[in-house]
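These protein sequence lines map, in sequence, to chains A and B.
For the first sequence, the working numbering gives the first residue as 64, with consecutive numbering after it.
For the second sequence, the working numbering gives the first residue as 64, with consecutive numbering after it.
Be a bit skeptical, because a hint or two may be false.
If several chains are the same, the list does not tell them apart, and a pair holds so long as it fits within one copy or across any two.
Said to hold, decoys possible - Lysine-lysine pairs mimicking BS3-like chemistry, simulated, CA-CA at most 30 Å apart: (1) 300 with 508; (2) 130 with 236; (3) 327 with 575; (4) 67 with 440; (5) 226 with 440; (6) 226 with 271; (7) 327 with 183; (8) 236 with 67; (9) 270 with 113; (10) 183 with 433; (11) 130 with 270; (12) 271 with 113; (13) 508 with 433; (14) 300 with 270.
In short, the hints are calculated from the structure, not lab data.
2 protein chains.
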Amino acid sequence: MSHKYMKYFKLTLLAGLLFVVTFCFWSPSSSVGVNIHRRQGRLGQKLFNKKIENLTFGYPDIEYHIKDDVARSLAQNSCVCLPGEETFHIPFSNLLFPRVWAHNLQHAFLENHPDPEIVKRHRAQEYDNFQRRVYSPADMLNIAEANSPLQYPTQGVEVQPLKTILIPGLGLKQKEKSNYRVHLTATLGTFNVAATVDMVSVVGAGKKQMMLSSPLLSSLNRQLQFVTYTNAVFHPKTADSIQFATEGHQSFFTIKVGHRIVPKLYNSGHSEEYNITSLVTIATKTFLRYDKLQDLIDSIRQYYPNVTIVIADDNEHPQPVTGPHIEHYIMPFGKGWFAGRNLAVSQVTTKYVLWVDDDFIFSANTKLEKMVDILEKTTLDLVGGAVREVTGYTATYRHTISVEEGGPDGDCLHFRNGFHHVIEGYPSCVVADAVINFFMARTDKVRQVGFDPRLSRAAHLEFFVDALGSLHIGSCSDVIINHASKIILPWSKTKTQKTYEKFRYTSVGVDKNLSNEIYYFKNRFKCMTSQ
Amino acid sequence: MSHKYMKYFKLTLLAGLLFVVTFCFWSPSSSVGVNIHRRQGRLGQKLFNKKIENLTFGYPDIEYHIKDDVARSLAQNSCVCLPGEETFHIPFSNLLFPRVWAHNLQHAFLENHPDPEIVKRHRAQEYDNFQRRVYSPADMLNIAEANSPLQYPTQGVEVQPLKTILIPGLGLKQKEKSNYRVHLTATLGTFNVAATVDMVSVVGAGKKQMMLSSPLLSSLNRQLQFVTYTNAVFHPKTADSIQFATEGHQSFFTIKVGHRIVPKLYNSGHSEEYNITSLVTIATKTFLRYDKLQDLIDSIRQYYPNVTIVIADDNEHPQPVTGPHIEHYIMPFGKGWFAGRNLAVSQVTTKYVLWVDDDFIFSANTKLEKMVDILEKTTLDLVGGAVREVTGYTATYRHTISVEEGGPDGDCLHFRNGFHHVIEGYPSCVVADAVINFFMARTDKVRQVGFDPRLSRAAHLEFFVDALGSLHIGSCSDVIINHASKIILPWSKTKTQKTYEKFRYTSVGVDKNLSNEIYYFKNRFKCMTSQ
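Bound-form chain A, shown alone (with noise of 0.2 Å):
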């Protein structure tokens, strides 16, 4: 028995020596190179190309009539940078309402500049990379064809990364033939199934294409059921196009590979009411006038006595700023305007932020449980308010944004007064794409979008610019905030305030040429109007 033992023991060494090597130079991962440089199409993509275009156009000896209002309303290729229609045309109009002002972007930063063919050069290069990182198959057009014997899914298929799914909806249904066979074709993934039906033939399970057959209809579409997708070539974030394809037609769909949405979910605890302490940090940056932050933070402490303060400083002498909650944050002297906006967000760990200029006065009117509430209950991620000057004029700046195509030079980028719609159940608030520099918002939002720490004096829109299509933003004329006194005699201003003012509204030429430079090459514009 003790022989045997020794002989079972020896064996099991030996095995457990080759499994050791073999593991040595196994890698658990796929050794084969990826390549992450480009997604260009192949022959499948010119095919698929074809048969769009094939199934667009045609019938060009029909007559037809173009309807002008509808016609004018579509997009043209290219923006032009003028100011936009007027839609009234009447004498005196020029009078009675805003005119609208086009600033051409690209001369304005390209007259300056020593080498402005570079310019374009590098602008265009830096696009190109963009558009291929964000390229995706799932954003491409595709269309159905009609009296096809080929059912698939068109969208809504998606799988994680190297992972496997069943592919939905898969099915063949033609008329009496002695035969019946599909061909499933994929680039980043193989086929298999998940279950074997009678009378079906399977030829290439486990690989990029895969053929079924059989002789019976309803036996092939039940095996279709059972169609599996295992996506191979990892990336976080794309798409395979799939070709689904039976003798004398051929479909497409996506299938989309990238990880689940993990949630960003904030626990703010539960209450009847809404527990402001918990739910809101209040946010500002400060320059040369710890006077009316003060101010603010006392009329902050008699209606929020334990709400947390971030104060981002950037003063060249920075001077302490106490007092329970708050959090005084010092940056390099002079770093500016936009820099201490977002290095204050950064530091915010509740759900939301709310933002405020240093020489705000929070007053019985500024209600934050009201801005809570809509963020609480709507898809809104940010919700402006309105600044009451010491005259009792209130402004909400309300700002439209749209971007028109403009080809090859970049885009246009237009500013309007006013608003989208009301808000059903908030008769004071509405939708529009840019508020007033007092809002409240969903802190994980505005950190995605971010304020660019380039913009160091002047700057707002800039910010509305970079949150469009991420943000959903509201405006509610009820909640209000005091903005101190601006009426301050030439003579009796301090050396504070002349200081102030000439770090903040002097070098405009400068200012002006990294606002045309942000426009211009960082977002893409070729041309801004606005009113």
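Could you slot chain B onto chain A? The hints should help.
Relative to the frame of chain A, chain B by itself:
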């Protein structure tokens, strides 16, 4: 002549006044309230769901035989919190291969909580709100019916909010009939035609339902080429579900509604070689290790004398850190690790940011140009390097991360050592989901993910979990940085070193609870497995 002129003038004035009065009462945007509370379907949705059900099931009588290996790779409905299956079942496997640990986050976080049921309900409520915010009809499963005479676009149709487009690819391919008729129905917009074709009747132009009919099929198809869709209900990012039907057949497709993507391009100048100073900013956080920080700075300056270094500092008694191109930020005492990281990256103005710890040392092998090269030429967003200890041991800390669906209690998060693929053209580089704390990344992409400022002490993989699906991550073993020695004999530790260790390595209980909360509540996982 004067009399005629006066009459004309009076008429114009009257017209002008009338227009002003009209304008005052006419808002430039719709005053119809928009409901942004829910995204539930209506009758159309129910019809649609029934159709999908009919198309995906059927043939219950036909037998099938499960293929175990494939069926096993399909996701379960609800992940179980156990160590993953071992791929090797041999004796002594536990000794030879790293073991997988499972951590039940739900138990760990809730067992110490005074009100576990309330927390579970709060998390479920927050997740529900989150899902309603990210829901898009464009993600729902849709299936193209076979043998339908309808031709229509299945993907790639996009319109900007409140704008108009031509719908591509609509068609009817039917046998001879006396009259051909199609219906179009939308929810968030209206239809029209950009041109009219003789012999085609259009009913409902400008409305949410439009009908086209004609005795001539080719004329109807010509007319279909001019159908337009106008988005009428503002939302910055959504999709409209369109029904396109004829007698006996319905098809559904989505039109995505959203702004044009506004890029964020960096103007870093153009030169033959990579200008590291204009392309890269080095970011770090420091605490109680000013000596090590100075060693880091000195080592950087040997190779990159002009690159900007951003330092986030949360010491209790901050000391000045000076020198050209150094930006030193002072934080409230002990704010912590990820707050400091988030601050530092929030201040970067270059295209790329290089993260280093304050006790790293640059060497001749720390070639930032290699990292820039792979980021410039591929779709990677972040590339990690290798950290070399004094012993010579070099680590890349490559991990893969996957998420398994888990039902209402949350998903399961899996960390494994290793990578996905080698990168073609870069033999020392691979694709992974997490890397070591020495990496270069696209500034705007890293900021979009962010470092959660609540994580004050030990944290690393949390960033990569938040980055899942957003960042394309690589790791190159040939870009090496040195790690300052950690070999300190206990009796030779300085007071500062002891204080540092006290801060970093104690409070383990508190850290663990915070980590559990982040994974359990914020990211909604019920279980975590790792090696």
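These are the hints, each one checked on the structure:
no.	hint	result
1	300 with 508	both (20 Å within a copy, 14 Å between copies)
2	130 with 236	between (41 Å within a copy, 26 Å between copies)
3	327 with 575	between (38 Å within a copy, 19 Å between copies)
4	67 with 440	neither (74 Å within a copy, 62 Å between copies)
5	226 with 440	between (36 Å within a copy, 27 Å between copies)
6	226 with 271	within (15 Å within a copy, 41 Å between copies)
7	327 with 183	between (39 Å within a copy, 15 Å between copies)
8	236 with 67	neither (63 Å within a copy, 78 Å between copies)
9	270 with 113	within (26 Å within a copy, 34 Å between copies)
10	183 with 433	between (47 Å within a copy, 26 Å between copies)
11	130 with 270	between (52 Å within a copy, 16 Å between copies)
12	271 with 113	within (23 Å within a copy, 32 Å between copies)
13	508 with 433	within (19 Å within a copy, 33 Å between copies)
14	300 with 270	within (22 Å within a copy, 37 Å between copies)
In the structure shown, a violation is registered for the earlier hints numbered 4 and 8, in ascending order.
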